[in-house]
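Protein chains: 2
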Amino acid sequence: MNQLSFIPLGGIGDVTKNMYLYEYQGQILIVDCGLGFADETMLGVELLLPDISYLLKRIRSANVKIIGMVLTHGHEDHMGALPFILPRLPNFPIFTTPLTAALSNEKLKEFGVLGRVQSIAFGENDIQLGAFKISFIRVTHSVPDSSNIFIKTPIGNFYHASDFKFDLTPFDGKKTDFAKITAASKEGIMCLMSDCLGAEREGHTPSERILSENIEQEMRETQGKFILTTYSSNISRLNQAIHAAKKQNRKVCFVGRSLVKVSKIAQKLGYMKLEKDMEIEAKDIKNCNDKELLLLVAGSQGQQNSALARIANGEHREIRISPLDVVVFSADPIPGNELSINSLIDSIAKKGTRVVYSKISDDFHVSGHASSEDLMLMMSITNPKKVLPIGGTYSQMVAYKNLARKQGFSDDKILLIENGQEMIFSKDKAILGKKIELGNIYVDEISEEVIDHFVIRDRQQISKEGVVIIMAEVSAANGQIVGKPNIITRGLSHQEQAIINKKLTKELESALSRRLGRVADWVYIRKRIGEVAEDGIFKSVHRRPLVLPVVIEV
Amino acid sequence: MNQLSFIPLGGIGDVTKNMYLYEYQGQILIVDCGLGFADETMLGVELLLPDISYLLKRIRSANVKIIGMVLTHGHEDHMGALPFILPRLPNFPIFTTPLTAALSNEKLKEFGVLGRVQSIAFGENDIQLGAFKISFIRVTHSVPDSSNIFIKTPIGNFYHASDFKFDLTPFDGKKTDFAKITAASKEGIMCLMSDCLGAEREGHTPSERILSENIEQEMRETQGKFILTTYSSNISRLNQAIHAAKKQNRKVCFVGRSLVKVSKIAQKLGYMKLEKDMEIEAKDIKNCNDKELLLLVAGSQGQQNSALARIANGEHREIRISPLDVVVFSADPIPGNELSINSLIDSIAKKGTRVVYSKISDDFHVSGHASSEDLMLMMSITNPKKVLPIGGTYSQMVAYKNLARKQGFSDDKILLIENGQEMIFSKDKAILGKKIELGNIYVDEISEEVIDHFVIRDRQQISKEGVVIIMAEVSAANGQIVGKPNIITRGLSHQEQAIINKKLTKELESALSRRLGRVADWVYIRKRIGEVAEDGIFKSVHRRPLVLPVVIEV
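Chains W and R are the protein sequences, given in the same order. The numbering of the first sequence is the numbering used here, which starts it at 9 and goes up by one. The numbering of the second sequence is the numbering used here, which starts it at 9 and goes up by one.
Don't read these hints as lab results, they were simulated from the structure. Errors might be hidden in some of the hints.
To be verified - Distance condition first, Cα-Cα at most 20 Å in a straight line; then the derived SDA-like pairs of lysine to any residue:
#1 Lys359(W) to Lys443(R)
#2 Lys358(W) to Ile422(R)
#3 Lys367(W) to Gly211(R)
#4 Lys358(R) to Met431(W)
#5 Lys409(W) to Gln503(R)
#6 Lys367(R) to Glu381(W)
#7 Lys492(R) to Lys510(W)
#8 Lys358(W) to Ser369(R)
#9 Lys421(R) to Gly211(R)
#10 Lys358(W) to Asp420(R)
#11 Lys358(W) to Gln429(R)
#12 Lys421(W) to Glu381(R)
#13 Lys359(W) to Gly211(R)
#14 Lys409(R) to Met431(W)
#15 Lys414(R) to Arg362(W)
#16 Lys535(R) to Asn494(W)
#17 Lys367(R) to Thr361(W)
#18 Lys358(W) to Lys443(R)
#19 Lys492(W) to Trp530(R)
#20 Lys535(R) to Met479(W)
#21 Lys409(W) to Thr361(R)
#22 Lys421(R) to Ser369(W)
#23 Lys437(W) to Asp180(W)
#24 Lys547(R) to Glu381(W)
#25 Lys510(W) to Gly211(R)
#26 Lys409(R) to Thr361(W)
#27 Lys358(W) to Val364(R)
#28 Lys367(W) to Ser366(R)
#29 Lys367(R) to His550(W)
#30 Lys492(W) to Lys358(R)
#31 Lys409(W) to Ser369(R)
#32 Lys359(W) to Ile422(R)
#33 Lys367(R) to Glu453(W)
#34 Lys367(W) to Glu381(R)
#35 Lys409(W) to Ser366(R)
As the list claims (entries may be wrong) - Rough simulated footprint, nothing fancy, chain R against chain W, three-plus residues with beta-carbon under 8 Å:
#36 254-268
#37 309-322
#38 465-477
#39 500-509
The structure presented is a predicted model; accordingly, all values stated were derived computationally and were not measured. Built from N, CA and C at the ideal position, the CB exists for glycine as well.
Chain W with its partners taken away, still in its complex shape (with noise of 0.2 Å):
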């Protein structure tokens, strides 16, 4: 069938794990491979990983394949799970631009797996990938080259407009590739697939330059160290904090390992450039002048662990904090991580030294997406004939259709969808197709491997109910328990342990006493033995806690 197939494993609604599936005629593209970040509610889980059951299932059949996989840039949620996913795939090509394949390429062997993406240059060839062909047009983002993606299809053309905005003067001098878009524009665009999630936001995403400045004052100002803290990819933002330390003869210090890693890769591809005596290692800082050095530090999350919070707990080896240092925060909260920003915030304050963020001033960062007039600008500029929000919540992506309401689309050409809708497109429309079915993957955050979901839900219910543990020694000649059981609690409260020790031990003494006779089934009494001690137990302390019944037979 003449029709191409578009579905999100993720991306879609909860913004991170971005991987999108474009099918036509049993060839599958797969765009992005991206990881998602656990909330607090997913215990012991630090990341998760898109669902690629259904894409598994699907090369199963006959004359389905994956034909190559392409990233649009090297932001964790756009690459980061790559050695989970890319064991479990047959072999295909994967391109993308320089910077992303030496950080995916790294990120991989950290893994032990082969790094085997592809690097091409904005300038090559396109690519034919199968009845794909694909070309990376350069857009402004918070990580050098960052790709939006042009998919030609025999159907119809798409834009793949992955986390972009409009940064007419950027640091690097590397502007958004406008000519590249209008000739894409050229060949008629069926659908542009958009990150929506500056949409709430009014205006234009101020350009990253307008930091420089600010960042050169306040150094100047600063009397001890200046530590400045952002995203490790943020290597524009780095660069500029590293600018106007040459400008003030301060050494530049890189400290967490993300941060050295992402430093070392961008000075090797010249992305950074750091004359090599400028340049000064965390154990050396002791013999510098604390005026004379740039501590550039992650963590800006408030990460528990991170180097910043190590520096500010008074935990790092190397680096103390003083009341004369200067501390930024040069990046924005991600929702859910506002808490333990705050708490690293006054763990640094505490300390006398300066801080300062995102509350008391908008003057050290800028987002890296486009904001309401961006948006539409793209759909201006691409002019597609429908379009199709992706990277945001829903309500990022109902605030996209009132803004492509504005730019005249109807409500039939504004597509919003979930993660696992298929997309139907062919030459003149675009349909709904199947719903597919997605779990949540978990990755351990000590074993670094996939779990299952009930290995979470049992934590869940342990860590608030708690567990409680019955061993009945149980007669095998008459099935009845012998002595009193042996209940062990944790996560419970003493009194709750005493009400339950007390009431307990009648409750299965009774239970069991109604049947007699040898024990033919021990299944059937540790069986038995657990639900009488569930009800028990919420009936007397209303707790649900995770009940482990241990008969021993005597």
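Put chain R on the given structure of chain W with help from the hints.
Frame of chain W; chain R shown alone:
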């Protein structure tokens, strides 16, 4: 000694669980008795209490007693801990303003505690409590009858400026009593204890009244139900919505236990005026045209199981949401609640219903706290010798300090202290006193009982690391493990379980084989199995689950 000891038991740094002790010659005056709210790391806990162990110890001394308590206003974080704290303290008088007293007594009643909070109107005479002369001064805030407290003592006067703003055109017309503040100022103020929550915000906090027009306008354009959610205690906001509903012939329905309760009290005391036929119960709204309804719904902070969450998820028995309805969030997110609020907004947006929230409109909420200029105005009017910020995070206290500097206070006159830090005031100076160690006092979400810290620690460990139960039969004759130990795990992955099973059996056997002979000390055997297991598990899967060894004597 002629000095006064001031000790915050809560409210400084953590914003909530406000409770302050003023002690003069063995007489303790308590100001406020508020709850704290647990963060997501406090598993199975919803509420926190101020730690009163110092107070309990103190009043055990001869010649020390609690002379009385005063409450500044009717917010949970200032009076919500009463039902938990009062039963643990001896009897003493408690005074506050009429609405605050009604809300407090209602709360005590719910918990089966005698409601003994006495109401005093603003016009009445000052109260003499031992050496303290107390005067309630009306201020504007987001709940009616909010007060600042002027405390006269033999060594000097204190102005306790708990939560306030300067709303010059409050919706209920009851303005801040500037005359009384000025009069207090004339008597001389030794120290101003001041709200500092808004110290990071520039300018003045706008009046509540500016919202009226916006609410009316939005309501007028709403074709379906007009649904407004705010804090239950924000009676002024509720009144504005009710006022608009009157004009537009909409009936009013309060939805959610807390809102129904507050509206009843407010109506009874005359703080809310609603003709009898204008109010309607949830069960009757099915008989009304949607266009004739205003729903005032609890759940503006995205609380699970709140009325609004149940409506959004289609789980409310009487109320369905439709695309013609409009839902207005008339409250800013409290830090930490962002994710659940976002997800609630998304659920509503998915129904096609218009949602108005802080990110897309500033027109429906103003803060109840003073901003920078208001805080400086308060310093100006009260003209104290010293200032001491309360009720804010440390960063907000630092921001307040910067404002105080602008008002000409030298650093030694700006007192930044943490909870538990005693400040000793004498006629001519203020010095730091002892530092009291304060613990976290948790209230269990289910039992509503106070639980110990180690219970939370157990829950945290189990929730992140899982639990492993090791049941080993040990021969009493020779102390050796008989058969294979039974290992039960929860919260661990299949792989980890398999690894543990395989490795641990051997390790346990060899650990015990080193000793031989009859078992004399079963506790030692149990402990040894626990240690070997913890060690073995950490070595094999890098995890520290809660290990519960169970030894069965055979």
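Cross-check of the supplied hints:
Among the hinted pairs, Lys359(W) with Lys443(R) is consistent with the structure: their alpha-carbon atoms are about 18 Å apart, no more than 20 Å. Taking the CA atoms of Lys358(W) and Ile422(R), the gap is about 15 Å. The hint holds against a cut of 20 Å. Taken as a hint, the Lys367(W) and Gly211(R) pair is honoured in the structure, with Cα atoms around 14 Å apart against an allowance of 20 Å. Proposed proximity of Lys358(R) and Met431(W) is supported: the alpha carbons are some 18 Å apart, at most 20 Å.
At roughly 46 Å between alpha-carbon atoms, Lys409(W) and Gln503(R) are farther apart than 20 Å, so this suggested pair is violated. Taking the CA atoms of Lys367(R) and Glu381(W), the gap is near 16 Å; set against the 20 Å cutoff, the hint holds. For the hint pairing Lys492(R) with Lys510(W), the CA-to-CA distance comes to about 32 Å; that exceeds 20 Å, so the pair is violated. Between the alpha carbons of Lys358(W) and Ser369(R) the distance comes to roughly 34 Å, so the proposed pair goes past 20 Å and is violated.
A C-alpha spacing of about 24 Å is found between Lys421(R) and Gly211(R), which places the hinted pair above 20 Å, so the restraint is violated. Distance restraint check for Lys358(W) and Asp420(R): the Cα-Cα separation of roughly 16 Å lies within the 20 Å cut-off, and the hinted pair is therefore satisfied. A distance of roughly 14 Å separates the Cα atoms of Lys358(W) and Gln429(R); the hinted pair therefore holds under the 20 Å criterion. Between the alpha carbons of Lys421(W) and Glu381(R) the distance comes to roughly 49 Å, so the proposed pair goes past 20 Å and is violated.
Note on Lys359(W) and Gly211(R): the hinted pairing is violated, with a Cα-Cα distance of about 28 Å set against a maximum of 20 Å. The suggested pairing of Lys409(R) with Met431(W) is violated, with an alpha-carbon distance near 57 Å, which exceeds 20 Å. Distance restraint check for Lys414(R) and Arg362(W): the Cα-Cα separation of roughly 17 Å lies within the 20 Å cut-off, and the hinted pair is therefore satisfied. For the hint pairing Lys535(R) with Asn494(W), the CA-to-CA distance comes to about 17 Å; that is within 20 Å, so the pair holds.
Among the hinted pairs, Lys367(R) with Thr361(W) is inconsistent with the structure: their alpha-carbon atoms are about 31 Å apart, more than 20 Å. Between Lys358(W) and Lys443(R) the CA atoms are separated by roughly 16 Å; this keeps the pair inside 20 Å, and the hint holds. For a cut-off of 20 Å, the pair hint linking Lys492(W) to Trp530(R) stands: about 18 Å separates their Cα positions. A distance of roughly 18 Å separates the Cα atoms of Lys535(R) and Met479(W); the hinted pair therefore holds under the 20 Å criterion.
This hinted pair checks out: Lys409(W) and Thr361(R) have alpha carbons roughly 13 Å apart, not beyond 20 Å. The hinted pair formed by Lys421(R) and Ser369(W) fails the criterion: a straight-line CA distance of about 26 Å is larger than 20 Å. Under the criterion of a C-alpha separation no larger than 20 Å, the hint pairing Lys437(W) with Asp180(W) is inconsistent with the structure, at around 41 Å. Taking the CA atoms of Lys547(R) and Glu381(W), the gap is near 56 Å; set against the 20 Å cutoff, the hint is violated.
Restraint check: the Cα-Cα separation between Lys510(W) and Gly211(R) comes to about 62 Å, which exceeds 20 Å; the hinted pair is violated. At most 20 Å may separate the alpha-carbon atoms for a hinted pair to count; Lys409(R) and Thr361(W) meet this at roughly 13 Å. Proposed proximity of Lys358(W) and Val364(R) is contradicted: the alpha carbons are some 37 Å apart, above 20 Å. For the hint linking Lys367(W) to Ser366(R), the alpha-carbon distance of about 15 Å falls within 20 Å, and the restraint holds.
Among the hinted pairs, Lys367(R) with His550(W) is inconsistent with the structure: their alpha-carbon atoms are about 40 Å apart, more than 20 Å. As the CA atoms of Lys492(W) and Lys358(R) are separated by approximately 55 Å, the hinted pair breaks the 20 Å bound. Annotation: proposed proximity of Lys409(W) to Ser369(R) holds, straight-line Cα distance about 17 Å (limit 20 Å). About 16 Å separates the Cα atoms of Lys359(W) and Ile422(R), which keeps this hinted pair within 20 Å; it holds.
Taking the CA atoms of Lys367(R) and Glu453(W), the gap is near 32 Å; set against the 20 Å cutoff, the hint is violated. With a C-alpha separation of about 16 Å, the suggested pairing of Lys367(W) with Glu381(R) holds against the 20 Å cut-off. Restraint check for Lys409(W) and Ser366(R): the C-alpha separation of about 18 Å stays at or below 20 Å, so the hint holds. Three residues within the 8 Å Cβ limit are the bar, and the stretch 254-268 of chain W against chain R gives 0, so the coverage statement is violated.
For the stretch 309-322 of chain W, the proposed coverage by chain R is not satisfied: 0 residues have a C-beta within less than 8 Å of a C-beta in that chain, short of the threshold of three. Residues of the stretch 465-477 of chain W lying with their CB closer than 8 Å to a CB of chain R number 10, which satisfies the three-residue condition for coverage. With 5 residues bearing a CB less than 8 Å from a CB of chain R, the stretch 500-509 of chain W meets the requirement of three and the coverage assertion stands.
Of the numbered hints stated above, those contradicted by the structure are hints 5, 7, 8, 9, 12, 13, 14, 17, 22, 23, 24, 25, 27, 29, 30, 33, 36, 37, listed in ascending order.
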